[in-house]
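Number of protein chains: 2
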Amino acid sequence: MFAQIKAYYRSQIPQITDAEWDRLQQKLTVQHLKKGELLTRAGDICRQVSFINKGLLRMFYLVEGKEVSVGFVPEGNYLAQYDSFLTQQPSAGNIDALEDCELISLSYESMQALYKEMPVFQIFGRKVAEMLFLMVSSQKKMLLILSPEERYRRVLESQPFIVQRVPQYMIASYIGITPEHLSRLRRKMTVRVG
Amino acid sequence: MFAQIKAYYRSQIPQITDAEWDRLQQKLTVQHLKKGELLTRAGDICRQVSFINKGLLRMFYLVEGKEVSVGFVPEGNYLAQYDSFLTQQPSAGNIDALEDCELISLSYESMQALYKEMPVFQIFGRKVAEMLFLMVSSQKKMLLILSPEERYRRVLESQPFIVQRVPQYMIASYIGITPEHLSRLRRKMTVRVG
DNA sequence: ATCGCTTATTGATAAATGTTAAGTAATGAG
DNA sequence: CTCATTACTTAACATTTATCAATAAGCGAT
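Note that the protein sequences, when read in sequence, are chains A and B.
Per my numbering, residue 1 is the first one in the first sequence, and the count goes up by one each step.
Per my numbering, residue 1 is the first one in the second sequence, and the count goes up by one each step.
Just so you know, not all the hints are guaranteed correct.
No copy labels: a pair is met if it fits in one copy or bridges any two.
[Unchecked claim] Below, a list of computed lysine to any residue pairs in the SDA-like style, where the Cα atoms sit at most 20 Å apart:
1) Lys127 with Phe85
2) Lys127 with Ser107
3) Lys127 with Gln89
4) Lys66 with Ser138
5) Lys54 with Arg10
6) Lys141 with Ile45
7) Lys141 with Glu64
If you are wondering where the hints come from, they were derived from the structure by calculation, not from laboratory data.
Using the sequences provided together with the hints, build the complete structure.
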């Protein structure tokens with residue numbers, strides 16, 4: 001049950017001791033989500049971070065009745081409405097399950113307690129925040145300097161699981177275009193290939 | 001000289017002691033940059049973070065001969081080619097001074113030393129990373145869900161110093177449009193106002 | 001296998017944005 | 001102060017992208 005998440009912690013903070021891990025594990029809770037269900041919704045305050053043991057989730061906004069997807073997160077990663085989790089203010093975004101999911105969650109209070117209790121979790125928290133910054137920062141850069149077609153190619157090559165497991169119309173809003181336009185770009189791209 | 005940066009640390013980590021601050025201050029160096037000079041350039045590995053005591057700097061990419069601005073950072077903030085600083089890999093971006101600047105810098109090695117020596121700096125590092133994440137994350141969201149005109153309005157209302165101190169053609173690429181288009185949007189926006 | 005629903009494709013048209021080129025305004029160095 | 005340079009504006013035109021509407025294809029539940 002906890003093998004994957006334990007490996008994750010060990011990869012981020014190899015210096016973690018068994019005692020520290022045990023202390024953490026006591027605070028973890030397991031949670032299941034069926035395809036289509038919401039993990040958090042706009043207006044909620046995000047009170048936990050979740051490690052995805054299995055499944056795939058999506059972060060998205062509702063803008064003028066339309067869904068705009070901003071991230072897809074598969075098993076083996078941590079996930080939260082992180083802005084809301086950090087600020088403990090209501091989130092503007094939603095998270096739903098694109099597949100049946102198994103999550104291992106840690107509450108805000110538990111995390112604060114771990115921060116106080118054991119410095120190694122400060123390091124973990126810093127590394128997670130740094131990683132998230134790198135990811136979002138590179139995504140923002142792609143939106144600014146690449147054309148829609150190039151952005152789609154990037155998704156294809158650097159996050160192929162998205163193309164394999166996420167409906168195309170969600171990918172369209174993820175790269176900032178309409179589903180119709182993405183469909184046309186794809187046709188244009190494949191004509192020359194075969 | 002160090003009053004502003006000291007206040008900054010105290011605001012982020014109020015629990016910092018005088019001894020810890022002194023230890024930090026020993027490692028700080030002051031640096032001056034004239035308007036137009038580069039702080040870091042693409043290909044460099046970023047080896048320091050800089051607190052801006054005075055002035056204004058810009059982060060930008062060179063894409064097909066054109067500058068694409070991705071951030072403007074005024075006095076009172078920390079600045080680095082943060083992706084490169086974290087990974088110690090060559091950066092794809094540049095930083096230049098839009099005004100004469102006074103910077104207070106801390107090297108990568110010094111920061112690692114402080115991390116090891118005193119846990120409070122781990123907390124500081126985490127808070128900085130979290131703040132950067134929140135900022136970039138909200139900027140990415142704006143690019144995805146707002147129109148260019150709305151993005152410009154946001155800059156006007158939430159970062160007015162940019163409109164006051166940054167040339168318009170740099171703001172244009174910052175919000176993802178051409179200078180000509182921004183000029184047209186501005187005309188359209190002011191016609192109705194007066 | 002079939003039905004019903006969701007997703008993807010396609011075409012016609014409209015709107016938004018980019019490009020090129022020219023002119024005007026602002027700015028800074030001497 | 002003057003000139004040269006840089007920044008901003010404007011216009012005509014080209015290209016990209018969105019919208020609307022219709023059809024086709026895929027898919028899950030029964």
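Do the hints match the structure? See the list:
no., hint, result
1, Lys127 with Phe85, "both (16 Å within a copy, 13 Å between copies)"
2, Lys127 with Ser107, "both (18 Å within a copy, 19 Å between copies)"
3, Lys127 with Gln89, "between (22 Å within a copy, 16 Å between copies)"
4, Lys66 with Ser138, "between (25 Å within a copy, 19 Å between copies)"
5, Lys54 with Arg10, "within (19 Å within a copy, 42 Å between copies)"
6, Lys141 with Ile45, "between (28 Å within a copy, 18 Å between copies)"
7, Lys141 with Glu64, "between (25 Å within a copy, 15 Å between copies)"
Consistency with the previously given hints is maintained throughout, with no hint failing.
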